[in-house]
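Protein chains in written order, with the working numbering: chain H, 50 to 311; chain L, 153 to 630.
In short, the hints are calculated from the structure, not lab data.
Heads up, some of the hints might be wrong.
[What the hints assert, rightly or not] According to the in silico footprint, chain H covers these stretches of chain L (three or more CB under 8 Å from chain H): (1) 164-176; (2) 183-195; (3) 474-481; (4) 518-526; (5) 543-555; (6) 559-565; (7) 597-609.
Note that beta-carbon positions come from the ideal geometry of N, C-alpha and C, so glycine has one too.
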Amino acid sequence: MPDYSLNPPLPNRVTLFASCMVDQLAPSVGESAVDVLEHLGVSVEFLDNQTCCGQPAFNSGFRSEALPVGTRFIELFEQVDGPIVVPSGSCAAMVRNYYRDLFRDDPKLLERSSRVAERVFELIEFISRFFGTEAIVGQLNTSATYHKCCHLLREIGIDGEPSAMLSNIEGLEMIPLERADVCCGFGGAFSVKMPDISSAILDEKLDFIEATGSSTVIAADMGCIYQMQGGLRRRGSDVQVLHIAQILAESLRNGSSHGAAL
Amino acid sequence: MKPVTINFRSKAAQTLADAQIQQSIEHVYTGFFKGRLLAAAETDNWEDLRTKGKAIKDHTIAHLDYYLGMLADSVEKNGGRVFFAADAAEARQYIIDLAHKRNIKTVIKSKSMVSEEMGLAEAMNTEGFETVETDLGEYIIQLANETPYHLIAPAVHKSRSDVAKLLDDDYKDGDRIPDATELTMMARKKLRGVFERADMSVTGVNFAVAESGSIALVTNEGNGRMSTTVPRVHVAVMGMEKIIPSIQDLSTMLRILIRSATGQRISTYVTMVNGSRKFDEEEGPEEFHLVIMDNGRQKLLEDPQMRESLNCIRCGACLNACPVYRKVGGHAYGWVYPGPIGAIVSPVMTGVKDASNLPSASSLCGACHDACPVKINIPRMLLELRWRTAEGSTDKDERTSSAKERGIWKAWRVGMMGRKRFDIGSRLANLAMRPLAKNGWLKKAPPPISGWTSTRDFPTISARSLKSKLSKRSKGGK
Chain H
50 MPDYSLNPPL
60 PNRVTLFASC
70 MVDQLAPSVG
80 ESAVDVLEHL
90 GVSVEFLDNQ
100 TCCGQPAFNS
110 GFRSEALPVG
120 TRFIELFEQV
130 DGPIVVPSGS
140 CAAMVRNYYR
150 DLFRDDPKLL
160 ERSSRVAERV
170 FELIEFISRF
180 FGTEAIVGQL
190 NTSATYHKCC
200 HLLREIGIDG
210 EPSAMLSNIE
220 GLEMIPLERA
230 DVCCGFGGAF
240 SVKMPDISSA
250 ILDEKLDFIE
260 ATGSSTVIAA
270 DMGCIYQMQG
280 GLRRRGSDVQ
290 VLHIAQILAE
300 SLRNGSSHGA
310 AL
Chain L
153 MKPVTINFRS
163 KAAQTLADAQ
173 IQQSIEHVYT
183 GFFKGRLLAA
193 AETDNWEDLR
203 TKGKAIKDHT
213 IAHLDYYLGM
223 LADSVEKNGG
233 RVFFAADAAE
243 ARQYIIDLAH
253 KRNIKTVIKS
263 KSMVSEEMGL
273 AEAMNTEGFE
283 TVETDLGEYI
293 IQLANETPYH
303 LIAPAVHKSR
313 SDVAKLLDDD
323 YKDGDRIPDA
333 TELTMMARKK
343 LRGVFERADM
353 SVTGVNFAVA
363 ESGSIALVTN
373 EGNGRMSTTV
383 PRVHVAVMGM
393 EKIIPSIQDL
403 STMLRILIRS
413 ATGQRISTYV
423 TMVNGSRKFD
433 EEEGPEEFHL
443 VIMDNGRQKL
453 LEDPQMRESL
463 NCIRCGACLN
473 ACPVYRKVGG
483 HAYGWVYPGP
493 IGAIVSPVMT
503 GVKDASNLPS
513 ASSLCGACHD
523 ACPVKINIPR
533 MLLELRWRTA
543 EGSTDKDERT
553 SSAKERGIWK
563 AWRVGMMGRK
573 RFDIGSRLAN
583 LAMRPLAKNG
593 WLKKAPPPIS
603 GWTSTRDFPT
613 ISARSLKSKL
623 SKRSKGGK
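Could you build all of it, start to finish, from the sequences and the hints given here?
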């Protein structure tokens, strides 16, 4: 990854990779990401041809099916320069950490994929790296707790940044979540293939969530969000699980004063 | 030990339904996992130590033949004997033959996962040798006629009343449950006599130092030291990867092993054995044998994608960190090594065909990679094995994926290879789901999503994609 730490040139244009889940299941999360980026003075380009990075098939072992989809991703995003921002630590991890396995038998594609990969940033990673965790100061009157999605935390290495960002939202009371860094049990196809194990892990997570008494859970990856929301709904709970982009965008709509970085 | 990896799903389901085990197994998180975090936080150069530990193991495994030769020479120079066993049966036979030749009556064992591979205690008892486990956890497991549940805490799934029932014939449900100290004293009383009459010991090896021929044993109960000093014959058994080049390396490896295993800065005992008793020494065995076992490790060594798993120092940190292990327990994995490390080594060592559920049983959360003192990238290897079982293996028998599964992913690929198809597919899914949905969620869905809806509501596909929303927005429609 390029080192921007010395005199960072603030990017004013990015390309959004929505991820297939945000694109087709949760477009409002994508719109929120655009809102937040635009608020920071970053114009957002959306490549109409995008679909998926290939992770679902890759994680299920079907690399021959993931390979053309990953290749398509590389070819598409090679057409643009500058940062590629994705509101998912899991998709970012696929491109940055696992394309080297997907393309290992094709040195040319491997090289091309690594050049695209070094431009890929997860949304919170992008904001905190270039604009700082204090860049967004909005308002939202609610109580919430934050779940640390595994791939953002361990594959991308974003740990305290989301909480630091959320602490700048006026009116938002953050309640610590016990075992916030323990998996929710989603794991893609695992959640369907081994539902009893996936749900046992989820149950523990939901118990800790309910113990906080907060009305909202904030997370950063749609898979985890649907796992937790689907489980909470089945329990008859009213707790909402929202993507951090939605929280940030909503807080900006409620009243933004510009952050220190702008 | 005969692998039963094929029973993963049924054993897992059994454990999920067992409230007592679910409660007992919590200790691996509240005790060991948190202990490791604390110990790491208190160690200034923790990440440097991990990096160094990984470098030591990478180097040793890359030159394993060289260091094994050096170790054998050093042990023999110290007066010990070395036996290389190709598999568990050979290793077992060597030890049994030795016991017969030396007229052994009683064998004491200290904890060793490699001896579990051999099913040694059971085999020796069958041969007529009184063979007793002396590690408290292993002793409990032996009395219960089970296999270890965890790499360092074999009986972690047992409650105190379970243990009381095993140690005290008079204990009945409803009696006052003895505390841990009382239980330990009961075991101590039973084991004391065994230690006194033992004429042979079998111990494991935490590290074998190639340059000096030293064997390092890490224990907390003192049984390891008793085993290496009291009986006249001492046999140490090790997997061929448990080797480090020098004594200097040992200081690094002990630091990361013990902190990662129990959260202690150092274990109660660290025993160093340099072979048998010398002429001027007052105690120690008359004979020392080192059994170095392959039993499938060569397969890992020859496999560039899986070789890193030989770096494992068997601390158990990945088990404690693993949300799946903490629910399905140690027996589900069906062989000696449970948890994330078991899910990558068991398939290769015992056969991929039966073990294909092991690498699938992971959310790929990465907690194991994070916890590993030598930074083994376990998620990467789980994915490698998933690929082999799905479609990648050159051996047809190892490709266990169903035609249905292959069909689903083929269809998925077709849908992802063009934006129009991607959109049409999603719109059709939306239309199909809409009549069944309530407030945008499904309570029930057909396969393959039925697995999800058995316990969770499922979200419906949005009526409009982000692409369509953003294009409307850019036209000023927001």
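With a Cβ-Cβ cutoff of 8 Å, does the region 559-565 of chain L contain at least three residues near chain H?
With 4 residues in contact (Cβ-Cβ under 8 Å with chain H), the coverage given for the region 559-565 of chain L holds.
Taking 8 Å as the C-beta cutoff, is the stated coverage of the region 474-481 of chain L by chain H satisfied by three or more residues?
Answer holds; 4 residues pass the 8 Å Cβ test.
Check, residue by residue, whether the region 164-176 of chain L contains three or more positions whose beta-carbon lies closer than 8 Å to a beta-carbon of chain H, and give the verdict.
n = 3 at 8 Å, threshold three: holds.
For the region 183-195 of chain L, does the count of residues with a C-beta closer than 8 Å to a C-beta of chain H reach 3?
violated (count 0)
Quick check: the region 543-555 of chain L, covered by chain H? Criterion 3+ residues, Cβ under 8 Å.
This one holds; 3 residues, not fewer than the three required, reach chain H with a Cβ under 8 Å.
Examine the region 518-526 of chain L for residues whose CB is less than 8 Å from any CB of chain H, and state whether their number is three or more.
It holds: at least three residues are needed, and the region 518-526 of chain L offers 4 whose Cβ sits within less than 8 Å of chain H.
Would you say the region 597-609 of chain L counts as covered by chain H, given the rule of at least 3 residues with C-beta under 8 Å?
Our answer is that it holds, as 8 residues pass the Cβ test (under 8 Å) against chain H, meeting three.
Of the numbered hints stated above, the single one contradicted by the structure is hint 2.
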